[in-house]
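Asker: Input sequences plus hints: build the corresponding full structure.
For the protein sequence lines, the chains are A and B, in the order given. By this note's numbering, the letter at position 148 of the first sequence is numbered 148, and the numbering carries on one by one without gaps. By this note's numbering, the letter at position 49 of the second sequence is numbered 49, and the numbering carries on one by one without gaps.
It is possible that part of the hints are untrue.
[Claimed, not checked] The list that follows gives simulated cross-link-like pairs (lysine-lysine, DSBU-like), each with its CA atoms no further than 35 Å apart: (1) B/Lys222 - A/Lys262; (2) B/Lys156 - A/Lys291; (3) B/Lys222 - A/Lys239; (4) B/Lys242 - A/Lys239.
Quick caveat, the hints were computed from the structure, so don't treat them as lab data.
If you want the building blocks of each chain, they are given just below.
Number of protein chains: 2
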Amino acid sequence: MKKIGFIGLGTMGAPMASNLLKAGYPVTVFNRTASKAAPLAEQGASVAPSPKETAVWADVVITMVSNDESIAEVYEGENGVLAGIRPGTTVIDCSTISPALVKRLAAQIAELRGTFLDAPVTGSSPAAIDGTLVFMVGGSAETLAQVMDLFDTMGKKVLHMGDNGSGAVAKLAHNTIVGINNLALAEGFAIAAKSGLPADRFLELVQLGSAGSKAAELKGRKIIEHDFTNQFSLALMLKDLKLASALTDGSGIPAPMLSLAKSLFQSGQTQGFGEEDLSSVVKLYEAWIGKQIGE
Amino acid sequence: MKKIGFIGLGTMGAPMASNLLKAGYPVTVFNRTASKAAPLAEQGASVAPSPKETAVWADVVITMVSNDESIAEVYEGENGVLAGIRPGTTVIDCSTISPALVKRLAAQIAELRGTFLDAPVTGSSPAAIDGTLVFMVGGSAETLAQVMDLFDTMGKKVLHMGDNGSGAVAKLAHNTIVGINNLALAEGFAIAAKSGLPADRFLELVQLGSAGSKAAELKGRKIIEHDFTNQFSLALMLKDLKLASALTDGSGIPAPMLSLAKSLFQSGQTQGFGEEDLSSVVKLYEAWIGKQIGE
Chain A
1 MKKIGFIGLG TMGAPMASNL LKAGYPVTVF NRTASKAAPL AEQGASVAPS
51 PKETAVWADV VITMVSNDES IAEVYEGENG VLAGIRPGTT VIDCSTISPA
101 LVKRLAAQIA ELRGTFLDAP VTGSSPAAID GTLVFMVGGS AETLAQVMDL
151 FDTMGKKVLH MGDNGSGAVA KLAHNTIVGI NNLALAEGFA IAAKSGLPAD
201 RFLELVQLGS AGSKAAELKG RKIIEHDFTN QFSLALMLKD LKLASALTDG
251 SGIPAPMLSL AKSLFQSGQT QGFGEEDLSS VVKLYEAWIG KQIGE
Chain B
1 MKKIGFIGLG TMGAPMASNL LKAGYPVTVF NRTASKAAPL AEQGASVAPS
51 PKETAVWADV VITMVSNDES IAEVYEGENG VLAGIRPGTT VIDCSTISPA
101 LVKRLAAQIA ELRGTFLDAP VTGSSPAAID GTLVFMVGGS AETLAQVMDL
151 FDTMGKKVLH MGDNGSGAVA KLAHNTIVGI NNLALAEGFA IAAKSGLPAD
201 RFLELVQLGS AGSKAAELKG RKIIEHDFTN QFSLALMLKD LKLASALTDG
251 SGIPAPMLSL AKSLFQSGQT QGFGEEDLSS VVKLYEAWIG KQIGE
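Answerer: Next comes the structure, spelled out in structure tokens:
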């Protein structure tokens, strides 16, 4: 069986690594905050002292961290993945990072005669736990076929998007829609609430009508209950919208809805809602209409 | 059985009137373009020479026309509904019009000792044909209860939103979300397409992921096939966004996503896509990225 090196044991990475262990793969883990490796060690994982040592041992290296800066450190740092991989190693990054960084890493790994897949996911931590993530993958079809067993263990669906970088692009385009749809919901709620309409009745309408969305399904009830417990933070949404903006700026296409969405989530961050759920962006509107949705 | 006067026999009104006839109600119809009344006459409807004559005869008057101007003419014109209704007449407007006009009509009808409901619908012509429309109703609960049989004949669900005007507000807030969600989809498609991602794979991702929406479900495949056959026209969406803007301007709340959406649909109208389906707004993006989505 393939030996898996797994780097990044956060809310998403830990259950993904755990599912690989449960499926019987030998797994060596690394996490910057070492204590997070303990539960995986209890499940039978080895713990490596660095990304480099993780990569030296592994046939397949999987990384799942939070942003471009962390990924650059994990791969290109002194004891990084690039210092450890051998010819033939397959490297899979499941983080949401910029397509530009994906391409830089893919080129470096190709020079080392390894192969690289950018494979970000959709689905939050329950899906990571259940092994029902959806992966969008950039890289060669042959490489993908060779590691399909791993994706099947961690997820329910794999969508091959094209060459390296296309997984990252797909994720940013996807999350752009998520951000905008959540703002649409917030703005609709605000218009209805300002005129005194009952929020629950309005949400029922949205879900019955052509305004329905996953955003309404996932967040509508929570907005009414003012429950902004973090499922996917406003700060992470803002990060993704900034990456998407950098992408559209770089390729020279207007993305007016994205630009405005980024500004509004930035306002939410500036006002201190960054660590709440992204749906807390509705609080901007509540300040504007002078009342709380659902009250 | 209640005698129904039905005014406005377009794509929506004709099947709604037809369903009332099938349910056995005596129906008198009026349409500005008289030829559209012929199919209803064949099904047993009487044809009146004016809105006034329709109202004189009816216990309940239902109107379904396209905009504020038409409604003002139908109600307040020389041979309009207001000239014909008797004390006790119930008047139901199912058009999408401004809450301000709703309130003006409700006041005039109350003076004539009639009652008024603003009851716009969601669901396009197939739902009108199947009798599965969703009504959002503003007006008194007593009046609504008295005509619930009619709503049950024409639709599958009635949501009482509050006093007169609140049905109209609900519709505008709902369609604001529809417009924004459709732009989110268009912009996501554009970002993906610019980077060469396959549109069908990207749509699959959207629908599996948290970016999913009724917009994606109803329009995604059609955008890929460049099928902009009118289901709900871009011109009508623009009309609704303008009404929603007038509402938010009037109540003094910022609605930045709505404002931008209105500008983009206005661009679509200006470029000549008004009579195509609202999803044709994606053609703005196709011009910007220099390629057609799905090719």
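Asker: For each hint, tell me whether it holds in the structure or not.
Answerer: Outcome of the hint check:
A distance of roughly 28 Å separates the Cα atoms of B/Lys222 and A/Lys262; the hinted pair therefore holds under the 35 Å criterion. Taking the CA atoms of B/Lys156 and A/Lys291, the gap is about 32 Å. The hint holds against a cut of 35 Å. Pair hint B/Lys222 plus A/Lys239 holds up; C-alpha atoms about 31 Å apart against a cutoff of 35 Å. About 32 Å separates the Cα atoms of B/Lys242 and A/Lys239, which keeps this hinted pair within 35 Å; it holds.
Hint compliance for this structure: every hint is met.
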